[in-house]
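Chemist: This is what each chain is made of:
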Amino acid sequence: MGLGTYDFALAIGGEAGQGIATPGDILARIIVRRGLHLVTYNAYQSIVRGGHIFLTMRISDAEVQNHGDKLDLLMCLNQDTMDRHQRLMGPGTRIVYNSDTISPGTEDKGADLCGLPVAELTQSRNRLVQNTVAMGAVAFLMGIDFSVLEESLTLRFQRRGQEMVDENVKVARAGYDYAVEHFRPFEQSPPDGGKPLAVWSGNEALAMGGAAAGVKFYAAYPMSPATGVLHWMANNARNLGIMVRQVEDEIGVANMVVGAAQAGTRSLCATSGGGFALMTEAIGAAAMMEIPVVFINVMRAGPSTGVPTKTEQGDLWQVLGASQGDFERIIVAPTDCLDAFNLMAEVFNLTDKYQCPAIVISDLYISEGRYSVDPDKINMHPEIDRGALITEPSDTDGYLRYKDTDSGISPRALPGLEGYVHLVATDEHDEDSTLISDEFTNPHKRRQMVEKRARKFDNILADIAPPALNGPADADVTLIGWGSTDGIIAEAVDALNAAGVSTNHLQIKWIVPFHGDQIMEFLSKAKRTIIVENNYSGQFARYLRSETGFAADGHIRKYDGEPFMPHHIVDGVQAQVGGETDKYVPYQEITV
Amino acid sequence: MATTAINLTPRDFKGKSDPDWCAGCGDFGVLNAIQRAVSEMGFRPHDIMTVSGIGCSSNLPGYINTYGMHTLHGRSLAMATGVKMANHEMNVLVTGGDGDGYGIGGNHFTHTARRNTDLTYIVMNNQIYGLTTGQVSPTSSIGMTTKSTPFGNVEQPINPITSAIMNGATFVARAYSGDVRHMSDIFQQGIRHKGFSIIDVFSPCVTFNLTNTHDFFKERVKKLEDDGHDTADWKTACEKAMLFGDTIYTGVFFESDRPSLEDVEPVLKTGGPLAYRTLGLDKDDAQKIIDRMM
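Taken in sequence, the protein lines are chains A and B. According to our numbering, numbering within the first sequence proceeds without interruption in unit steps and concludes at 592. According to our numbering, numbering within the second sequence proceeds without interruption in unit steps and concludes at 294.
Simulated from the structure, these hints should not be mistaken for laboratory data. Think of the CB as a built atom: it goes at the ideal place given N, C-alpha and C, for glycine as much as any other residue. It cannot be assumed that every hint is accurate.
[Claimed, not checked] Below, computed lysine-lysine pairings styled on DSBU-like, alpha-carbon distance capped at 35 Å: (1) B:Lys283 to A:Lys195; (2) A:Lys456 to B:Lys194; (3) B:Lys14 to B:Lys222; (4) A:Lys509 to B:Lys288; (5) B:Lys288 to A:Lys377; (6) A:Lys353 to B:Lys222; (7) A:Lys445 to B:Lys14; (8) B:Lys283 to A:Lys377; (9) A:Lys509 to B:Lys283; (10) A:Lys195 to A:Lys70; (11) A:Lys353 to B:Lys269; (12) B:Lys194 to B:Lys16; (13) B:Lys16 to A:Lys445; (14) B:Lys288 to A:Lys195; (15) A:Lys403 to B:Lys14; (16) B:Lys288 to A:Lys170.
[Unchecked claim] Residues of chain A placed beyond 12 Å of chain B at every Cβ, according to the derived structure: (17) Pro104; (18) Lys170; (19) His182; (20) Gln188; (21) Asp192; (22) Ser224; (23) Ser304; (24) Ser410; (25) Ala425; (26) Ser433; (27) His444; (28) Trp510; (29) Pro513; (30) Phe514; (31) Asp517; (32) His567.
Take these sequences, add in the hints, and give me the full structure.
Modeler: Set out below in structure tokens:
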């Protein structure tokens, strides 16, 4: 992930209801149309009005997968934002604010203070007008031509009439012109990155991935930070012929998707840990009845209600242990937004082949973050393989739904077909679906069926790409992460190598099945291993140990609700190389 | 609904296993009445999916020759809704008991009625938990002694009929398992009805409920149709459903033609069952999605 020639980050802070999203969206569109990459991370609270919202946007001419380490420009929409974050802004940075209502505080670290006399510039008392004035000033500071901003404002507001367009362009112009007169622009302006890029969030990528994979039934109960999947599905349902149901609770959601999957649709649901807890019994039901279905758990900080708007990798053991009994499930943790999209088709193909439940564990950082993407990399027509699915009627008898085959996989007939009438049951059953749980239990048949179901997974690893080691093979430090931290760790690795600490990186995506042997190939040769994860107790470290017997030398853990920034990991590695600690917990500098 | 004229008998709907119910269990009558109803209506086994939860009565899908799902305790309606949404041409029967449907599954009961999904829900109500050997149920009468209420039940039972009407079910009936002909007739009406049909059946547990026995019901049940009941009149339906003394009404309490979920769901307007549709996105649709992200 070599850094480009341009790496700029700005933040917009205010309270919920102050319209932070609008300048954020307008700027994002300008950036990706110019072919530049971006990552946005929005720190917020579970509140509709008030609180402190802090949107960070990183812009680069190279591909970036995290929100970076620094801020170049801070746009304050209220005094609270100034008070909280002025101390982060050193020499060379800019703070843009409405000087009518906001005053710089005492923690001046050398930023250029760019106060805008909004009332004088606009003759308006509209609270939201300050955002547009500030946009004008920001455009000048960043070196974006006013015509580019004007075009974006026009696109944004044209649906609401020409008067609205004119008003916004006028006040933006006032902000721009004032900035020309009074402020010092950044030395570097955003280069032209080439062909325009698209923008998506992880939740949108998951939903789109599902749609591309052929999902026809989606059910959900709203829960942050997974609700974005529901919203995408709901918006696109009618066009794409996807049934979307908002259900009374997650128990209903999970059972409904299992029912729909048994009837033959590719079926999907998404939730966060609390809702996932309610879904777990149905996951075991899908395993026992051998029904392919995909559950998404977008992790947030727990336990219990926890911090609904903050990220964490705290549900690993929840998904590993979801539902009673001893059974196989597929678990995969996307490593970035495009990966979240791509893996949906792969996971659906696997669940159809192995007739089992799968769990995708994303987290708030991937799911609610917004990322630029090259539209040509989005394959909306992935291969769809439904495995041993019988779709034509038969005039012969003797179909056994749970036929004990060499592979353990029993051809699955689509209900409704003549000649394949069968029962599926959550009770233990024999090949013919006859219950062996109530009237006559049968230890031999029980053993046969347990082994049949387990045998399905004997060779599943061959269907899945093993993790790859990035960086020099003989590095002094090997960083191990899983899921969403990939892009953050990768950048830390670059920084460490540049600083003379030879480092490589192994990111784990497939949790179950687990490439234990291949992983040990790398780790057995590693000199110093450090596991990076967004939780307190080292859930992945313990899982790695349980699967391989391997215990890492050190750990970097963060559990304050905010995602890692690359320098947190750099600092953690330096501290461990320097012998200060073998468990480093970074300090979160930005208080949001 | 079956498309070709065929002459199947109830025997053709006999499942691979024989019921494991106690001799004299009311559920035998319910099973017979279902088999009779579906054969008389001209269905073939593959036209139907029977979905149940867990409990004595929920073993029924194993005893009937149709597609079947024997699912989780309380979750039959949610599973069945998924089945129906995925294949709305399938006739979906849901069978279970009072604990399964009105206790642990109560939330789904409420919301399935509200959605008016085209399911036929047959509840074998024995006012007791049988499979767990005799505890109080959500329909047990006040004062009933059970293993979990040795000093008598103090909680008000749920009224499935009034609950279903209030929650929006569009076909609400009650039957008694000792009258297979009448029960089968109501089942046929329920299956024909487009929308959520709930038939609460008094299905005595001969082992654990020695209060609400066959003799108890035989003396009391009275057919609504014999009293000239208007099934469009929900208020009178509720009044009659509240009676649980010397007279206990059976028959169809309420019916309305409010559109079912399948009828109002835009995705099902054209294209046939979702389960049989081609997977993958149309090229133009896919391009539009990408364009909106630019």
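Chemist: Under the criterion that the straight-line Cα-Cα distance not exceed 35 Å, is the pair lysine 194 (chain B), lysine 16 (chain B) satisfied?
Modeler: Holds: lysine 194 (chain B) and lysine 16 (chain B) sit about 30 Å apart, inside 35 Å.
Chemist: Is lysine 16 (chain B) close enough to lysine 445 (chain A), meaning Cα to Cα at most 35 Å?
Modeler: Holds: lysine 16 (chain B) and lysine 445 (chain A) sit about 17 Å apart, inside 35 Å.
Chemist: Over 12 Å from every CB of chain B: does lysine 170 (chain A) meet that, or does the non-interface label fail?
Modeler: The assertion about lysine 170 (chain A) holds, with a minimum of 27 Å to chain B.
Chemist: Taken at face value, is the distance from the CA of lysine 170 (chain A) to the CA of lysine 288 (chain B) at most 35 Å?
Modeler: The hint holds at about 32 Å.
Chemist: Decide if the proposed pair is consistent with the structure: lysine 353 (chain A) and lysine 222 (chain B), CA atoms, cutoff 35 Å inclusive.
Modeler: Violated - the C-alpha atoms of lysine 222 (chain B) and lysine 353 (chain A) are around 54 Å apart, more than 35 Å.
Chemist: Just double-check histidine 444 (chain A) for me: nearest Cβ-Cβ distance to chain B has to come out over 12 Å.
Modeler: holds (18 Å)
Chemist: The output says aspartate 517 (chain A) does not contact chain B. Does that hold with a beta carbon cutoff of 12 Å?
Modeler: Nearest chain B Cβ is 34 Å from aspartate 517 (chain A), so the label holds.
Chemist: Report holds if the minimum CB distance from serine 224 (chain A) to chain B is greater than 12 Å, and violated otherwise.
Modeler: holds (22 Å)
Chemist: Per the stated criterion, does the least C-beta distance between proline 513 (chain A) and chain B lie above 12 Å, as a non-interface residue requires?
Modeler: Answer for proline 513 (chain A): holds, closest chain B Cβ roughly 25 Å.
Chemist: Taking the closest pair, is the beta carbon of phenylalanine 514 (chain A) still more than 12 Å from chain B?
Modeler: Holds, because the least Cβ-Cβ distance between phenylalanine 514 (chain A) and chain B comes to about 28 Å, which exceeds 12 Å.
Chemist: Is the nearest CB of chain B more than 12 Å from the CB of serine 433 (chain A)?
Modeler: violated (8 Å)
Chemist: Hint check: lysine 403 (chain A) vs lysine 14 (chain B), CA-CA at most 35 Å. Holds or violated?
Modeler: holds (22 Å)
Figure legend: structure checked against the earlier numbered hints; hints not met, in rising order: 2, 6, 25, 26.
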